[in-house]
Each structure stands twice: as C-alpha cells, then as structure tokens.
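Which chain is which? The protein sequence lines are A and B, in order. Read in the numbering used here, the first sequence has 6 at position 6, and its numbers run on one by one without any break. Read in the numbering used here, the second sequence has 723 at position 723, and its numbers run on one by one without any break.
It should be emphasised that the hints constitute simulated quantities derived from the structure, not laboratory data. Computed from a prediction, not measured in an experiment: that's the story for all the values here. We put the CB at the ideal spot given by N, CA and C, even for glycine. One or more of the hints may lead you astray.
[Unchecked claim] Incomplete in silico selection of chain B near chain A, CB under 8 Å:
id	residue
1	Asp842
2	Gly910
3	Gly913
[To be verified] Computed spacing ranges between beta-carbons, pair by pair:
id	chain 1	residue 1	chain 2	residue 2	range
4	B	Pro314	A	Ala150	58 to 66 Å
5	B	Gly597	A	Leu144	46 to 54 Å
6	A	Asp17	B	Asp281	19 to 27 Å
7	B	Pro195	A	Glu10	38 to 46 Å
8	B	Asp217	A	Leu33	23 to 31 Å
9	B	Val180	A	Asp154	24 to 32 Å
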Amino acid sequence: MFWQPTSLQEAVRLLADEGGILVAGGTDVFPALVDRPSPAGLIDLTRCAELKGIAIGADAIRIGAGSRWSEIARASLPRGLAALQAAAREVGSVQIQNSGTIGGNLCNASPAADGVPPLLALDAAIELVGPHGLRRLRVGDFVLGNRRTARAADEILSAVLIPRRLEAGGSAFLKLGARRYMVISIVMVAVTLVPGPDGRIADARVAVGAASAAAQRLGGLEARLIGTDPVGSAPADLVSAADVAGLSPIDDVRASAAYRLDAARELVGRAILQAWEAARA
Amino acid sequence: MLDQPAAFALTLNGEPCRIAADPGARLSAVLRDQIGCEGTKIGCNAGDCGACTVLVDGEPVCACLTAFGQVAGRAVVTVEGIEAGTRSGAALKAAMLARGAAQCGICTPGMLVSAAAYLDRTPVPDEAGVRDALGGVLCRCTGYGKIVEAVLDAAAPKGAEAAAFDGGIVGRRVPRLDGVPKVDGTERYGADGWPAETLLLRAVRSPHHRARFTLGDLEGWRAAHPGVVAVLTTADVPGRNLYGVIPAFADQPVFATGEVRFRGEAVAAVVGDRAAVEALDLAGFPVAWEPLDALIGLDAALADGAALVQANRPGNVLVRGRVAKGDVAAGLAAADRTVSGQFATGFVEHAYIEPEAGFARRVGDRIEIAACTQAPYMDRDDVALVLGIAPEQVRIIPTAVGGGFGSKLDLSVQPFIAVAAWRLGRPVGMVYSRPESIMTTTKRHPGRLAMTVGATRDGRLTAIDFSGDFDTGAYASWGPTVANRVPVHASGPYFVPDYRAEARAILTHSVPAGAFRGFGVPQMAVAQEQLFDELALGLGLDPLEFRILNALTAETPTATGQVLGAGAGMRACLEALRPHWARARAAAETFNATASGSLRRGAGVAGMWYGCGNTSMSNPSTIRIGLKPDGRIALHQGAVDIGQGSNTVIAQIAAEALGVDLAALDLVSADTDLTPDCGKTSASRQTFVTGRAAELAGRALRAAILRLANAGPDAAIVCGPGRVIVAEGEARREIDLAGLAVDRHGYVLAAEETFDPPTSPLDANGQGDPYAVYGFGAHLAEIEIDTALGTVRVLHVTAAHDVGRAVNPLLIEGQVEGGVAQGIGLALMEEFIPGRGENLHDYLIPTVGDVPPVTTILIEDGAPAGPFGAKGVGEQALIPTAPAILNAIHHATGLRVTRVPATPDRIRAGLVGLGGQA
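Put together the whole structure using the sequences plus the hints.
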C-alpha cells in the first residue's frame, strides 16, 4: 500500500493504524533497498501541509520537517543560520538536495548526516507528533547514535525549531570528504559564535559529525572560547587534542579513526576562525 | 488519502497522462518499464550516479529515489522531452554533440536534464555554477571538461567551431557520427529495447569469499514462487561449464559446482516473469553455505602451505612473465647512484555507469545475444562452447556500451541468458545491479611492485631490476596478459641497457582481476616514474631533462631489444612539456615561498609508453566495404564503439582512403552476422589495427572503382544516387550502378581487407618485437595540497601524446581528458576492498569537481604501420597521470607516496611521519 496523507494528523493516524514506512525525499529509504522491491506499506509525507515551509517566529525559526535541503539553502535566513545553509548545499548533490528533507536527515540518524552538526551548533530542537500528542526534544537528545533516535515508532518528526538567540552570531560549516560533490563526510564541523560588546566571544557552539556514533558538541572547548578573540591564531592553536578526545571515530573505507580526530581538530579551528570572521562582519 | 488508485494523473514531457503503476515503485523503473521512457538510465539505484535524473516540476531529482506516487499531479520531464520541456534543451543537445561531450553516452541524459534545469533558472551561467549543477551526475568517460564547455556553449552560442581544415577527412574534428541517439535518449544500451515477453534472470550469488555449498529443493522453491519459470544450475549448462577470455586459461564456471572461490560467484539463476523475479527475496533461496578460510591478498596466497585456489596452479601462481637483457648486477654496479622502492596499488573498479545487461533469444538452432560487450567474436566463441554448439550458431549483436574500459571484454550476463534462452526457448534478459557489477566483474589488478634503478652521474640510466606480483583473484581472466605486458613496459619509455623485469599473477579468493585500461602498466608506472624522479633529484638533475636524456628514440632498443625506427615520439612529448614545466615548477615554488597556511603546491611529470595491440600474438581486424547499387557505400565496421569513437574514426579513415566524403558512407556497426571480425576493443588497437584494415579496404575499393572507370590513381570519386562519377582533370566518367551485378552481400563492388600487426614471439628472456607500434606520452600535473588535512586538489594537467596521426583531434582530446580523470581516481581516491564498498558512495570516482582543466598537446610522429601513421591513445591517456600527481605531491611536500590511492588519511600520516608538517 502507498498512502499519501495530506495532513499531519492523518499521517499520524495512518502510522498508528497501518504501521507503514515513512518516506519523504526517499534518499535513504530507496538506497537501503539495494535491489529489493519497494516495501509493501509506504506513507508518503510529501503532501502533508504542516511539514512544509520555514517560518520566522518571535522566539524561534520553525523549519517544517519536510523542507528540502534546496529550500533551506535558498531561504532568506538570519546569518547565524549560515552554517545550516552551507550544510544544505553540501548534502549529496543538487538532486539529493531537491529531494532530501531536514526531517529525514535527522530521523535517518547517519553518523555522517550533514544536517546534525549545524543544528547542534544552533541549539535546535525538534518536534515529534504522535497519537498521544506533541513533544519537543533538543536535537542532541533526539539523535542518540548510529541510526538510533528518540523517535517512538508511532511518532512523526514534524518540525525543527531554531531558537533566535544565536541568530545574530556568525556560523561556519566545513565538510571534509575524499572528493568534491556527492561524498559521505569523513568529518564535518559546525561552529556558531556570538560576539559580545567587548569584541570577544560571548557565546559559542561547536559540533563535530562523523567522528562518533552521533554528532557531538565540544563543551569544554565552547567554554574555553568564551571571552577570547581568536583573530590571528592558527587553527591548530585554537583546539587542543584534549578538546576532541571525547569523540570516538571509527576506521572505515573513508578514513582511519586517528585521521578523523586529527582532521576534526584542524577543521574545528578553521571553522572557529571562519565563524568569527562572519560574526564580526 | 489515496489507496492504490487505478491510475495516477501527471504531466509527462508536456502531455497530460494517466498511468497505472505501483505508486511505491521507483519512478525510474516505472518510466522505463511501464511508460517506455528508456532514455532515463539506471546506474546505481541509490542516488549515487545521477544517470536517472529527471525534472519534477522543473527541479532535477533522481528518479530512482522518487516513488512513482510522489509525482502524481506533477510535471515530469525526461531526456526525451527536454527539447520541448525546457528552454535550453535543444541548444544543450546540439552543444553536447558538437563538443564531443557524449562519449559512451550513458550519463548524457542525466547531464542534459541537470544542465537544462540549471540554464533555465540561471540568467548568467558561469563555470562554477555549471559544475555545481552537474556535481550529481557521474561520468566515467569524458573527464567532464567537454560537458562543462558544452553547457557554457549552450548558454551563449558561439559560431560553429569552424576550425581550419585542409580538406582531408583524416585530421578533422568530426563530431561523432553515432552521436545523435546519445543526446536524444534513444540510444539502446544493454538494458534497453527488450522484447515485451522477455523473461528476467537473476543470479544467486555467494555471500562468502570462499565456501562449500549445497543446493536444496530447487523444484519445490520454484513451485512455491509463482511466475518463476526455471531455476538453473551447473546441470543445466548444455556445453562446457567454463569460460575465459584467453582460451588456454579458461577456468571460470558459469555456475560454481560444490565450492565458490569469490564473493559474488554464481551458483544458480532464477528465471521468470519480470515482475515476479524482481519481487523475489533471494535470501530465501534454498542453498546452504559452509564458509571456508579464504585467501585474501597476496600474502595469504603466497604463504607457505597456503591452500590452492585452483588445484592445477601450484603456489597459487597463475603465470609468470619475464623480460631480461644484459647484466643487471653489472649495470647497477656501474651506476653512480641507485634508488629502490616498494609500491602497492589496490583493486580498482571500472565503474562504468552502465551495469552489465542484455537479453538473449533462441532463433531455431541459433542463439542471438544483444548485450553490452567489447569483444563480440570472443563472446560468440565462448558462448558456443558453453552451449555446446558451433560458433556460427551464435550471433552477438553488441548494444551501445555504457562504458567498458576493459571489463566488458569478459563475459558477464551472456552465459546466463544464453543458457536460459537456449533451454526455455523464450527471450531472457538480465541486468546487473550495481552491487552485483562491482562485486563480480573484473577489476584492475592490485600490484605489489619492487624496483631498483641505477644511473650514472651524468644522468644516463644503466639498469633496472623490477619484480611485481599482481593479485589476479580467483580466475585467470586477463591475468596472463598483465603478467606479460608489465615486464615489457617496466623500463618506461626510456633506454635501459641492463634490464630484468619479472611479474607473477597470483590467484586469491577475490573477484577476478582482468583488463582495465593499461593491463598493469599504470600500476607499474606508479613505481617506475616515481623512482625516476628520486633518481634524478638524487643526482641533482631536473626530472624532466633526465627523462628527455633517457627517452627512447628511433634508434635505441627497448627492453625487449626492439628498435622502433620511425614513430617513436617520446622525446617530442617530453620536449613539448618544457615551457609548461618551467612555468609550473616556478609557480609552485613561488607560491610555497610565500605560503603561510597549510596549502602547498607542486608540479610533477611522468612519461609513458604502451604497445598497441596484443603482445606478440596475432590480433587481426577485417573490414568490408561495399558499393551498393544505390550509390551508397556500406562500411562494415566491427570494432565495438564503447564511447572511444571507432564508429567515427574508422569511417574517417575509410572515407579518406576511398577518397569520398564521410556522408557517402552508411555505417554497419558491430554484429557477428554482419561485420567481419575486428577483434576486441582493447589494447589501444582499434584505431591502429582496424583503422589500418579500413585504410586497406578503402584503397582496394577505390582501386576497383577506378579500374571500372578506367581512370588513373588521382581521379576523384563522387557517389550519387544510383551512379558513381569518376572525374580526372576535365574527363568525367559516370558509372550507372543499376545495370551491374551484385555479390552475395548485395554490393556492386566490394573489398575486404585484413590487417594483423607484424610482431614476433618473445624468447625465453622476453626478447623480440612484441608490438608493431607504441604510443608515447607524458603528463604534467599541478596540484595543491592541504598539508594539515592531507587533501589534494589537482589544478591542471598538461598532457602530451604522440598519436602518430591525429585522425580526429576532438575525440582524442576526449580520450585524454577521460584518461586523466581515471588517473586522478587511481592516484587519489579509488580502491575496492572485497566485501566492502559495493556501491558508488563507498567506492568513489572523480566527480565534475575533481577533474581540472586538461591541456592536450598532440604530437604526430607517424607510425609507418598505422593508418595514415595513426596509433592508439585509449590506454596511453591514463598511464602517466597518477605518477605525475604523486611526483607533484613530492614536489610540494617532500612526501613520497608508495601506496595508492593517496587518500587524505594516508597523505596526512605520511606528512606527520616526515615531521615537518605535523
């Protein structure tokens, strides 16, 4: 069966009653099939009105979970979301960006999901809707591990909420892959920095993806950055080995674990400098 | 809510329509199988290649990732509809054709659709924007440069490229004669154009590298699966359950018996109605596996007491090759400096965008196979053995080939569909999935190479001692060829007085390694060309000048003692690089002198030579050309065009030899019932060998026409409807063709000529004349390396190639640019690890963002044996790229990379090891 609900409520009911597989952009559902036929029950979320659109509210920017990466990349958003928009332009290819959604990226929970570090670096939350109502979780509490989230089987991720308190900051997203375009990240980092009146860092968020089962924030580094001015520092001087020691990368076909740590350290330093330049612009 | 509606309404290529299909099925499958829009190609079913790109409401998406139901009510445009459905479609198609941007053409629909979406929404396109727009479509042939140029051309049409042209057909930048179907989506590849009633076959394959297996109740399983017509196993093979590209080494079964020797080897096949077979979950197939210890890698296979992959190959050595001359020990002792090194390369996947596909049907006591292939007559003979019938009972009709690069020389789908169609009497087709293609078809041999080179203080090479082991996988394929070719070529294109080169092909429990653009020579060049740099630098000599000093000339003998005479343009290739080299080295050094961050630049050079045709073996081509009663000339051109351009190049040669315009020719392309044997499309032999046969045939037909007209040798021939006009000075003779008798092929006059390149056998020391001609070349790579991350960006490649005579410079540039792209992959990112990376997101090939501008310099040092002096360039184009890049990395950083691919983690580890950049 192939269901095409036009409202979130209808989708939630279908999921509860029929238990099908949710599909939006299809960029994870179909590749996972390899050469097997499509699953018998698919619930297509692309017609649900509530999942669409990006709205700038009083306290938060609400991005419908069905927003495609190309829509996010093209949207007119505050500069603090530049890292998220940069990530949107680095997801797969134009084709993937035209299909893949931010909600799907989160729910699929690949350790290399490009959307997660920028959302962590924006203190974003998500909204889950199920038969028993709505709940909100911070992204860091939602994405739990490799292909593991806090979504219950009967819930649908409906929106991403980005608090506006960081939006005036500068942000940067850096992705490292073994080629240009269509590449699964070896490691990627997102940084948001908010300048204080003294011209120094007043608030900092640093997140690293593809270097642990779920993307992680580097809390120790964030705390240490407060009150500093990174201008003039070399990337490697901004970040110590201890700052990235909490990451737990693996060896795989893309890179060794040791390399991922090494590269994460360098990239975080570069992203700090880039975000700071944007913050002061 | 929509609940399995009978039909979905949508707009397809501008036409409103209602289509009844499974809404959960992939749009790509519905478009192809139910609507008949076969211009949408399926390369990976995972969003990794972009070949299936279509527009949905004007935006490019992968049809393989889109559920059919999701496009209900929307507007879908496929390649078939881009002329009417987009503003730029028509201009794009014309530009792609004119620029030579379609080679094999399999990626062309995806490129066109992606480019049309970009141009339609971009008022002022630029190159960076074009690259972003095309970043989601993989091309394995072109190196992308001509595609990017074509898109920019389409945006701002320039005047036609009316290049200076001296009237000859040979030498002209003729756009491919078979190009139109490639840009309008009508080209038929292996998976296209099957008869409606064709049954589908899928293979049951081993999930283990090595295992014993027992088949269960096959008939019971079949009966429990409606729509499955047959289950085939080794017992169903009517003839010999064995095949192989080299008859004396044929060792690969169609279906394994009792034990599988590599992951992916087939043990059975299921055949049935298409939908039923597509829906099967083969995980439930009745087979019990007993995994056995597998020999993966050279060390395991060569260990003392290692099991034998094949019982008749002691020590797991399939074959050894050797070339030796002079006294290597004395030569090295006489050197003022020697350098040694050990190098390693991995399995490399061909990664053509068209997975293997085709269908077979039985016609009386004959079998016809329409499939993608590089070697129709070899297919014919091997299929005949498998079916136990005469070769003449097999007809091979090659479809268009969506990339080959060597792997489609070997059989893939053919024996399965042949056995099934022969047994069942119904058409049977098969399409490899991407994982199946990567898992089971041949790879580039991993090489482990050791080399010592010596030279005198003044830079003259004295000696080379080389040994190489190549992992040939579980079956022979082209392992013997690699083991024989590499020792011939391990000197590089240089004069080396004392020489010893030994190579072995080693059997392991991995996928068979076979032919891949260069037969082992690219791996060898990674070692040899890097050591030459080391040697030159150690002697305080300029690496380019060192190569020029030692380059083979017309007079100096090769490692096999062959003196090439005319057509040895190596020195000219290197000398052509001189100004570029000086500029590039200086630019890199200036950049580095002022660099404060982690970026460094480097420039490296590498040379190459490569013998055209089989090694010391007969490899004839035969061309038939005939004048039809209607005044048209039929060219029977049996060299399979896998994108490299033989349909165009051979026609140019024939037309030039005959002295008629290209438009007078009707092409009859490869088909074993219609075209004489032109051998296989490999070994860079088609332009040279088939081209020479075409020249001879063209001249013979010309002579026959002139004889009939009683005209002298310089008379002009003009073919008109039903007549031929022969003009000589003021005299004009008109031959009325209608009244003349025709031969059994229907020709008024015809010629058939064969050319077999003159070679001689190699003696026990590998001495002799293994090839009639060699192609030469040298690449200059300019790179930028991020030393903190170990990432390398290739900035520019300057490629000089001696092609003897450039029959079609447009197509040669395409070969060079495509070869460079594959060389970049070999150098920086490509390695297949058996059991892992059986898809195109773990196995990475260069995208449009990874291939820099390529400047091609053509040297024309005519080879007397070649047609109008021409020789091959297909494999030559790839060989020097990787070592040139590696030498550039060394120039930038001092790091010598001994294992490819030089992935960021390996480079970074190497730099940390050097100490300076940590």
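Here's how the hints hold up against the structure:
Residue-level restraint check for Asp842 of chain B holds (minimum Cβ-Cβ distance to chain A is 5 Å; threshold 8 Å). Nearest Cβ of chain A to the Cβ of Gly910 of chain B: about 11 Å, over the 8 Å cut. The hint is violated. The beta carbon of Gly913 of chain B comes no nearer than 13 Å to any beta carbon in chain A, farther than 8 Å, and the hint placing it at the interface is violated. Checked against the given bound of 58 to 66 Å, the beta carbons of Pro314 of chain B and Ala150 of chain A, roughly 60 Å apart, stay inside it.
Taking 46 to 54 Å as the suggested C-beta distance range, the pair Gly597 of chain B and Leu144 of chain A does not conform, at roughly 37 Å. Between Asp17 of chain A and Asp281 of chain B the CB atoms are about 26 Å apart, so this pair conforms to the stated range of 19 to 27 Å. Taking the beta carbon of each, Pro195 of chain B and Glu10 of chain A are about 44 Å apart, inside 38 to 46 Å as hinted. At about 28 Å, the beta-carbon gap between Asp217 of chain B and Leu33 of chain A stays in the expected band of 23 to 31 Å.
For the pair Val180 of chain B and Asp154 of chain A, the beta carbons lie near 54 Å from each other, so the given range of 24 to 32 Å is not met.
Hint violations for this structure: numbers 2, 3, 5 and 9, all remaining hints satisfied.
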